[in-house]
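> What follows is each chain in one-letter form.
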Amino acid sequence: MDLQSLYQAIILDHYRDPHHAGLREPYEAEVHHVNPTCGDEVTLRVHLVDGTVSDISYDAEGCSISQASTSVLAELLIGKPVDEAMTVHETFVELMQGRGQVEPDEDVLEDGVAFAGVAKFPARVKCALLGWMAWKDATAQAVVDARG
Amino acid sequence: MDLQSLYQAIILDHYRDPHHAGLREPYEAEVHHVNPTCGDEVTLRVHLVDGTVSDISYDAEGCSISQASTSVLAELLIGKPVDEAMTVHETFVELMQGRGQVEPDEDVLEDGVAFAGVAKFPARVKCALLGWMAWKDATAQAVVDARG
Amino acid sequence: MTGVSLQAPAARVDIDIEKIRADFPILDRVMAGGHPLVYLDSANTSQKPRQVIDAMTTHYEQFNANVGRAVHQLGDASTAAYERARVKVADFIGAADPAEVIFTKNASEALNLVANTLAWGSGDYAVRAGDQVVITEMEHHSNIVPWQLLTERTGATLRWFGITDEGRLDLSQIDSLINERTKVVSVVWVSNMLGTVNPVAEIARRAHEVGALVVVDASQAVPQLPVDVASLGADLVAFTGHKMVGPTGIGALWGRTEVLNALPPFLGGGSMIETVAMAGSTWAPLPAKFEAGTPPIAEAIGLGAAVDYLSAIGMDRVAAHEQAITAYALERLGDIDGLTILGPSEPVDRGGAISFEIAGVHPHDVSQVLDSLGVAVRAGHHCAKPAHRRFGVQSSTRASFYVYTTTADVDALVDGLDQAKRFFQVG
Amino acid sequence: MTGVSLQAPAARVDIDIEKIRADFPILDRVMAGGHPLVYLDSANTSQKPRQVIDAMTTHYEQFNANVGRAVHQLGDASTAAYERARVKVADFIGAADPAEVIFTKNASEALNLVANTLAWGSGDYAVRAGDQVVITEMEHHSNIVPWQLLTERTGATLRWFGITDEGRLDLSQIDSLINERTKVVSVVWVSNMLGTVNPVAEIARRAHEVGALVVVDASQAVPQLPVDVASLGADLVAFTGHKMVGPTGIGALWGRTEVLNALPPFLGGGSMIETVAMAGSTWAPLPAKFEAGTPPIAEAIGLGAAVDYLSAIGMDRVAAHEQAITAYALERLGDIDGLTILGPSEPVDRGGAISFEIAGVHPHDVSQVLDSLGVAVRAGHHCAKPAHRRFGVQSSTRASFYVYTTTADVDALVDGLDQAKRFFQVG
Ligand SMILES: Cc1ncc(COP(=O)(O)O)c(C=O)c1O
Ligand SMILES: Cc1ncc(COP(=O)(O)O)c(C=O)c1O
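Residue numbers (the working numbering), protein chains in the order written: chain P, 1 to 148; chain A, 1 to 148; chain C, 1 to 427; chain D, 1 to 427.
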């Protein structure tokens with residue numbers, strides 16, 4: 001088991017110093033997601049302005065992987081149009097579910113490529129996806145509310 | 001599998017010509033027993049007079065073993081004091097549950113010794129006991145009713 | 001399919017039966033008296049090929065760990081094998097999504113799961129006083145008793161299709177039997193006693209017209225027929241591993257996602273939760289929601305190997321062999337004086353279980369004589385008492401076939417029946 | 001039991017651990033990176049000795065048949081083996097009558113069986129609106145959720161014992177918590193998270209004073225302690241095969257005959273009936289009444305072999321070894337800076353599961369580093385979220401031991417924890 005391939009320096013950096021952490025106002029939707037296996041939790045808010053991800057704020061408790069991936073999520077998606085953010089999201093999910101067979105696209109994922117190694121650790125994929133699934137859920141709610 | 005040891009001539013005789021068959025009056029208790037595994041059924045009545053088994057009448061549907069053993073039951077127990085009949089009952093049950101290790105007592109069991117071979121066929125022990133269990137149940141009811 | 005020749009159907013259906021038999025260690029057994037085993041009780045439980053036994057042994061020897069909980073290599077391996085088994089089973093029955101396959105301990109648990117969650121449910125799928133549940137008179141007890149318990153406990157009414165003299169469902173009253181008050185229709189696909197293959201799609205169509213939920217007991221169908229739940233028309237389908245060359249201790253419930261999502265949980269406990277607080281809990285998504293506690297892990301892996309085994313033969317071939325051997329057996333049994341078949345006597349819409357009576361010899365005695373010759377059949381009511389009562393009998397003898405059954409096995413049965421008649425001096 | 005020396009407790013308790021280890025094929029596994037397997041996740045599931053695996057293989061290769069139904073030699077053999085397994089389990093736990101042992105698929109099903117039949121029951125044992133059910137904050141989810149479902153569905157109230165800072169049950173309010181309205185008290189005997197051994201007899205005494213039914217979750221107790229249900233004071237006891245060197249897919253519920261007879265059936269179907277008519281059915285006597293459908297036959301036989309295996313070692317020795325290895329581990333773990341044990345830190349009234357936190361390293365990360373060294377532990381909430389919440393944590397790392405655990409295994413754990421701290425630059 002190659003610990004270094006899992007715990008890339010970028011991941012450990014984000015873990016020790018998570019970006020955009022904390023819950024902020026304003027927001028259109030807030031969700032609370034749990035990893036049923038281990039109990040890791042995240043509360044996440046999204047703030048959309050004119051179809052753009054204006055803010056992602058969160059309160060997360062969990063392991064290095066889940067903490068770091070939520071930090072990278074915020075870093076990557078804040079400022080992006082929702083459509084584009086969704087594409088990044090898809091790319092990240094594909095990478096994570098690829099059992100290590102998917103080549104990470106650095107142009108799209110930036111720091112997110114550091115998680116390529118996580119895909120080889122099935123028990124940790126859920127950790128890496130916790131914040132991302134929460135963001136998708138929250139964004140979907142915010143978009144529906146905006147339309148409704 | 002020694003068919004002859006299971007299907008003794010006495011058993012086949014009782015099967016073809018069951019003694020005391022049919023349901024008769026008077027009776028103090030009637031029970032209906034079923035073998036859940038195969039569905040064999042017996043309706044059995046007991047008539048007790050002054051602590052003696054005056055009649056055992058029955059309507060039985062089932063295999064050669066269950067039919068013959070009910071016939072032997074009636075033959076053996078009619079006319080016996082209830083206490084003595086209970087002892088015969090116990091002796092028969094012991095023989096049946098003895099996995100072929102119990103030596104049958106011909107003085108007590110008479111034609112019943114023919115069932116010694118059945119004890120070696122676990123699936124058939126329930127057949128041999130169907131009528132006997134019904135008789136015990138019915139007699140217990142009749143005795144309680146008489147006292148009550 | 002009538003008038004099948006008496007020559008080796010095995011050859012006709014392109015199945016290498018000797019190769020198959022070599023996979024089943026138990027078929028080499030020599031029984032009391034030196035008779036080789038002739039196993040004709042596969043509708044009761046099938047035998048297991050080495051591939052299935054080995055899959056479980058290898059799991060215990062090399063990968064054993066609990067699933068879905070552990071962050072270690074054995075846990076990863078065990079979880080992957082368990083979930084791979086789910087994917088295999090899902091593919092085998094044509095499920096759209098592996099999450100629609102719930103592992104249970106047997107078909108009975110799967111059917112009880114449905115009946116219980118309908119009792120506790122709220123909303124559309126709840127069964128309440130005044131509602132009706134429709135089953136058939138040819139159900140296995142496992143598809144009768146759960147509905148009796150449900151209807152008694154809720155004040156709903158249980159109704160059922162009768163059986164024709166030929167052993168088919170009597171569908172003449174279908175439109176009144178399945179009506180606006182019907183909430184559930186639960187039918188056996190292939191009868192384990194009569195062998196009848198029922199027109200599930202037709203019944204499902206009528207049931208869906210009135211908005212009823214369609215449950216199918218496929219315990220005898222999944223082992224014998226190519227199954228595609230997506231096109232079957234059912235909402236929920238139950239089956240069991242041990243009848244399809246798989247191990248004991250494992251069964252499955254397939255359900256449409258919407259239906260499974262709408263039902264409340266059945267068993268509560270570890271693994272089926274999202275979060276637990278003393279004051280209340282929330283549930284995990286499918287399939288975990290219905291799999292409380294440590295599941296039958298090695299058994300699911302064994303079932304996965306069973307599905308691989310059957311797929312390698314090809315379910316069309318399995319079905320054709322079953323059909324051919326049944327035709328052969330029907331023809332040979334039909335020639336026996338005093339023998340009456342309960343159920344369709346033609347091999348049309350008919351599975352590989354043949355129940356019969358022999359005038360003057362009780363089924364227990366028939367099967368005892370057969371057993372003394374190494375021929376294993378079932379005697380009794382085969383967990384289908386109402387269907388027996390329908391034909392005015394308490395019990396019957398049943399011969400049932402599977403991928404490893406040969407015409408020689410059927411011949412041994414026929415010879416044994418002759419001996420039984422002679423022993424009991426009938427015919 | 002404090003101050004145990006650091007020298008080989010295995011020797012002290014007269015258990016030939018190398019001989020035992022040789023029986024477990026998986027213990028020879030070499031994990032990624034060439035590290036030998038150090039399996040410290042036995043409270044999650046235990047490993048299986050060759051004797052247990054072989055018993056099941058032999059069954060499938062030579063005796064496989066359905067039970068209680070067939071009149072043939074294989075059916076006789078299979079039925080006899082299945083019922084012999086019940087007798088073995090009954091003897092192992094001191095049951096007065098084998099019919100008091102109900103085979104289920106796991107402990108979770110056993111606990112749900114009780115909660116469901118109390119919901120549907122009539123008479124003394126029925127739980128109704130206004131009644132109270134008492135559990136504890138240290139229960140496994142499988143002994144929480146069934147009672148939540150029961151109380152929600154019936155309108156009864158769920159109450160619970162809290163936990164002291166030392167990880168013991170807070171019994172100070174026992175007389176008000178268990179009162180005249182209490183119908184059921186269900187407690188874990190040995191906690192799978194904190195390791196606490198609870199005073200079941202004392203709780204049972206109070207529960208019986210008010211006429212409540214006493215249910216014991218013995219999932220971690222039966223594997224570790226000599227158990228005598230006759231003297232325990234409980235009415236119903238649940239446990240599970242896979243934690244006691246047995247296979248997956250099998251668990252058991254023991255119950256006093258009077259109680260089991262008074263409860264209605266749980267799952268309905270084949271084998272649990274006396275007779276079935278479309279209009280209604282009657283039930284078979286114990287234990288069949290609670291065993292619908294084809295039971296986990298090979299699994300029961302495997303559990304029988306597991307019980308033989310443990311009995312051959314002697315449960316007093318198993319318990320002494322567990323005690324010794326736990327004492328050794330508590331001492332060694334106690335020396336690690338930044339490590340906090342959740343649960344009793346002294347090996348008194350304590351089972352062999354030790355959950356702990358390491359300041360600054362998340363349990364997932366701890367166990368990941370351990371796994372890279374071949375050391376398998378569990379990280380997460382161990383299906384005991386409320387107990388974790390009680391200690392203000394979301395998850396923990398848990399090491400747990402069994403008959404094959406050596407002091408060298410514990411040493412490997414301690415070394416691994418050092419590495420984890422170094423890797424994450426804490427301490
Ligand atoms: C204390 C306790 N209770 C109940 C269970 C549930 O056992 P199973 O998962 O076999 O149903 C477990 C194990 O997971 C346990 O440790
Ligand atoms: C038609 C049918 N339904 C249900 C069952 C029940 O299956 P199981 O005993 O595995 O629960 C059986 C087999 O016994 C069956 O043949």
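Incorrect hints may appear among the rest.
Lysine-lysine pairs mimicking BS3-like chemistry, simulated, CA-CA at most 27 Å apart [to be verified]:
1. A:136 / A:120
2. A:126 / D:88
3. C:19 / P:120
4. C:19 / P:126
Covered stretches of chain C (chain D as the covering partner; in silico rule of three or more C-beta atoms under 8 Å from a C-beta of chain D) [to be verified]:
5. 41–51
6. 85–95
7. 285–294
8. 306–313
None of these hints come from the bench; they were simulated from the model.
Here the structure is a predicted model, which is why all the values come from computation and not from measurement.
For every residue, glycine included, the Cβ atom is placed at its ideal position computed from N, Cα and C.
> Evaluate each hint against the coordinates.
These are the hints, each one checked on the structure:
1. A:136 / A:120: holds, 23 Å
2. A:126 / D:88: holds, 23 Å
3. C:19 / P:120: violated, 39 Å
4. C:19 / P:126: violated, 44 Å
5. 41–51: holds (count 5)
6. 85–95: violated (count 0)
7. 285–294: holds (count 3)
8. 306–313: Per the Cβ count (0), the hint is violated.
Of the hints listed earlier, those the structure fails to meet are numbers 3, 4, 6 and 8, in rising order.
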